[in-house]
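Participant: Okay, here's what each chain looks like letter by letter:
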Amino acid sequence: MILAADGASLGFPILTAIVVLPVIAAVLVLFTPRRNPEYAQLLAGAATVGTAALTIWLLSSFETGEAGFQFVSKQTWIEPWGISWHLGVDGISLFLVALTAFIFPLVIIGIDPEREHKSYLAWMLLLEAGVLGTFLSLDLFMFFLFFEIIIVPMYFLVAGWGHEEREYAATKFFLYTMFGSAFMLVGVVATAVIARNSLGYLTFDLIEIAEGANFATSTGRWLFFAFAIAFAVKVPIVPVHTWLPLSHTQAGHRSVILAGVLLKLGSYGLVRFGIYLFPEAAFWDFTRYLFLTLAVIGIIYGAIAATMQPDLKMLVAYSSVAHMGFIILGTFAFTEQGLTGATLQNVNHGVSTGALFLLVGWMYERQHTRMIADFNGIQTVAPIFAAGFMIVMLSSIGVPGLNGFVGEFLILLGSWDTARWWTIVGATGVILAALYLLWAYQRTFHGVPDEKSKTFPELKVREAAVLLPFIAVIVFTGVYPKPLLDRINPSVDALLEHVEERTDLVRPEPEISQEQLERAQIELEEEHGEEELSTEEGSDEGEDE
Amino acid sequence: MSQYLPLVVLLALAVVFGILSFFASRLLAPRRPSSAKEAPYECGIVPSREPPERFPVSFYVVAMLFIMFDIEIIFLYPYAVNHSTLGFYGFWAILFFSVIFFATFVYEVARGGLDWGPMQRYRQLATDAAMVTPERTLASTVRRVGTEGREPESSSPSAA
Amino acid sequence: MLAQVDTFVGPEVNWFALSPLIALVAGALLMMLAGALTPRWPNGLYALACATTAGTAGALAMVQWDDITDNGPTTLVAGAVAFDTFSMFVTILICVSIILVAMLADDYLRGTPNDGPEIYALLLTAGAGGVVMASANDLIVLFLGLETLSLALYVLAASNRRSNRSGESGIKYFVLGGFASAFFLYGIALVYGATGTTNISEMVVALQNTVDLETPDGLALAGVALLLVGLGFKVAAVPFHIWTPDVYQGAPSPVTAFMASVAKAAAFAAMLRVLVIALPFYRDDWRPVIWVLALLSLLVGSVVAVVQTDVKRMLAYSSISHAGFLLVGVEAAGHTAGELDPGSGMSAVMLYLMLYSVMVIGSFAVVLVVQRHAGGDSSIEAFRGLSMRRPAIATAFTVFLLAQAGVPFTSGFIAKFGVIQAAVDVDSYAIAVIAMVSAVIAAFVYLRIMLTVWTGTPAENSEPIRVPLAVGVTIAGAAVFTLFAGIIPGWLIDATDTVTQYAR
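Protein chains in written order, with this note's numbering: chain A, 45 to 589; chain B, 5 to 164; chain C, 257 to 760.
The set of hints was computed from the structure by calculation and includes no laboratory data.
None of these values were measured; they are calculated from a predicted model.
Accuracy of the hints is not assured; some may be wrong.
Claimed, not checked - Facing chain B, according to a computed beta carbon distance under 10 Å, are these residues of chain C, among others:
| hint | residue |
| --- | --- |
| 1 | 266 |
| 2 | 292 |
| 3 | 318 |
| 4 | 321 |
All C-beta atoms, glycine included, are put in the ideal place defined by N, C-alpha and C.
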């Protein structure tokens, strides 16, 4: 099978190194002297930058056009239970890994925890290792291990360095996600145990199970939902989203990580451990329409809730709910564009919402309030800050030329064929996004600054250094998404082929070659892009007045 | 199960008898309370102290010794009767048993189970040694009686 | 009559095979005797002697383990004692627990009237009782072990003579434990009535020949029910758990740690022995009962723990919910009891017991340190700001609590994973899901403790917390083991996989 094929290999376990490096650094950080937090910071910064460097190496040596897992490293770990240390990366996970490795150094270098640097940095590094491990695991047991361990550092980060209601928020976060994982653990075990019947031996290996095992229809569906609950909580899909706004507002700057990376664990898990592992159950009409409906509800509900928020962070948090709805919509459209768009949008949302949270966090640092009503006319006082905010916000809205547009457009394009009505309703979410974000921008940055806002400090150099990479990625992806799409596409294609073989999913036969298709696609995008650009600009101006 | 029937009948009879006699005495017996009848001891001795009283723990220790030897006898008796048939295996078994019993006896005696004098268990060598230090004076050892309310002496026994 | 038994031949006794048990008993007796006849030993020597004895017994058990792997399991002393890896595993577990508890008890007992050989001898005696329970191949022997363990524990629970709570816990444990023992004994009698033997091997044969699954024997079933009551009490399964919080809270912390590890392990070993090995033919009758016990223990243990304010009580309730998890494993073992492929339930229970014992002793060691500092106060307030005063202890405590919550990369996760795997293996999905959900509820309890430890600020006047060396070593050792077994559990899983080759 294509998906099982080993791709590039460097003769060096680069993936293991990426996962283990932060762990080692975390342990070392604990042994730095308490009096000199700068040592700890230096060490942690070096480790995250090192991880990022390894990831860049990974990106550069990743074989474009190869669908299967690359840089696979597999070691027997717990033999009696058939568990192995199995890491691998493909187009779907590649950019999520890159996103993680990119955000963490920025957060660690860019944000000062103000107190208890040592434990803060150690938890951050462990969190990074956990997230990377989750994205790279190709073993059910390992995946669960990393998926679950993330809760611990996140809990301590929120509980230790958050805002006033942090303990309540941290506990709620922990219990929600633990609750989801409770079902997933049973699902993981059951998957391996049931797969043993058709495989003949006990293994937790994702590829072996996905390719070789046969699940009875109803069994597969049950198992799928055992996994899906955990992922739904993480994404979060609407009925189980209530932990998210609370955690975001209370987490302080950790919300950058939360929005940037942690939410992706859910959407990534749905693709890798939902669709890939249980294609039949995922393609089952009930599942598909359930998730599509919940996704659309999430888009609309998140947007409406965001519009009503007086608190900037709440607003961004609810906009996350809406954006994650788009990703789910694309995922369950079961078309190449939809899934590619969803994968790309995962990264985009991480970048733009992460940056938004960063900016809102700085605003809170300056004025110790997150209320929209407390800010006035910042644009005149701090124009550079406002410009940065503007770009990030436009990317979040999905303005053509910036990254958000590419992902959302692909998602809507992809879901148009298979889920037309959902797409139509979901597309209004784009307009609503423009509404709440621009309105919030207008209220905070426009107008005449009052007494308090007059003292709003301009963007600092350190902050600018953190923000610039975000904006660079936003613009680059928006203008030239081809390198990303080229790497994502083959894996998505292979995944859909995998689904096609096991279900009655029928994809349109590509009458033209893949290359032509891509070219046409990009042209199409550009066309549509210009159209939307003009309308968006019109509305933008209208809002400004 | 039919062989158990007499047992059940007996059980039922016992219960019925108990209940019957309890209520029968209440219903039939005449009530003429008198002080002699209410006394704790029917033999007539007037108790000088309240009945619920704590015995010194030494009594319990002796009682435990008694039970210990009781148990040993319970096992020794059958062995003595059958010692020839049990042979050497029985001999070694009972010897082993007795040795363990003896060990517990030694333990109890060593811990002062038979000391009926003033409390002197757990006498530690360190305390013994501390008894003959030069810091000890008469004033620090013997408590003066009847000094309450008087002026404290200048050489108060603070060294102790 | 007398002439007939003239040729009495004593049973063949393989003394060396019994050496772990003999080492424990002899150690206890020698310590009592030598301790009584000599003046006070130097500080720490009593604990050292106790730990050495337990260590010797554990080492001997490992030697026996090799023997068993080479020559296969057998029974000893005319079939009264089983000689298999199952019993040896529990023996090693008990010995490890005794060593850890002895190290805790050392500092705790200094300066109290109990500073002598007695407590340690009682620990060894209780341990010997536990070993007998785990290796009994005869219900009467099992009862002997149960009583040896229980009587020693009653005394240990009440051993803090300065505390009313301790006395209360001792008397409570004694009275209720006496009831439970009586139930158990009556159960043995009824089972004897049904099968005509108390020997487990013979019982299996007898049932094989006579059991009639269509019309179950009321006598035997009543016996099984009573046995379950007795064992349910010992493992603190709901609804036989009423004693647990009071006894755990009142008893001295080292003793609580001992109860949570040794007593629980021995009782679960006995439960497996009685239900899975001796009574597999009634498995369809007792398994639903275990299912219900597991369900109740899981839910009651975790839910009631949430509202506690005393850390020892919280841990007591959490131990009830852990008992629920273990019962899930027993239930899983019940599906395949007596079959040629005995499934993974027994192994999972054994693994859980081993890992849980170490982490629970570690937890109570931390409680001991804090409680001593706070003058006997074990309420959650006493733990406030522990991280600022003793970061290392707080970290270790966090490790133990996370392990109890079943967080990955700790031994607790491996333990839970094993049990869940065993349950799923036999299609017990419902109880597996319930177990995991109750683990989430229980996690809330551990979170509360962790929050207090990490985010609270300590009271101003507090002097530095004293951590005696032996206690520190215990905590560190337990924490390292908890992490190590969480990351590299293969060797332990291999060891526990052999326990299904039990003596028949």
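Participant: Could you check if residue 266 of chain C really has its C-beta closer than 10 Å to a C-beta on chain B?
Facilitator: Holds, because the Cβ-Cβ distance from residue 266 of chain C to chain B comes to roughly 3 Å (cut-off 10 Å).
Participant: Should the interface hint for residue 292 of chain C be scored as holding, given a Cβ-Cβ cut-off of 10 Å against chain B?
Facilitator: This interface hint holds because 4 Å falls under the 10 Å limit.
Participant: Should the interface hint for residue 321 of chain C be scored as holding, given a Cβ-Cβ cut-off of 10 Å against chain B?
Facilitator: This interface hint is violated because 27 Å lies over the 10 Å limit.
Participant: Measuring from the C-beta of residue 318 of chain C to each C-beta in chain B, is the shortest one below 10 Å?
Facilitator: violated (27 Å)
Of the numbered hints given earlier, the model fails hints 3, 4; all others are met.
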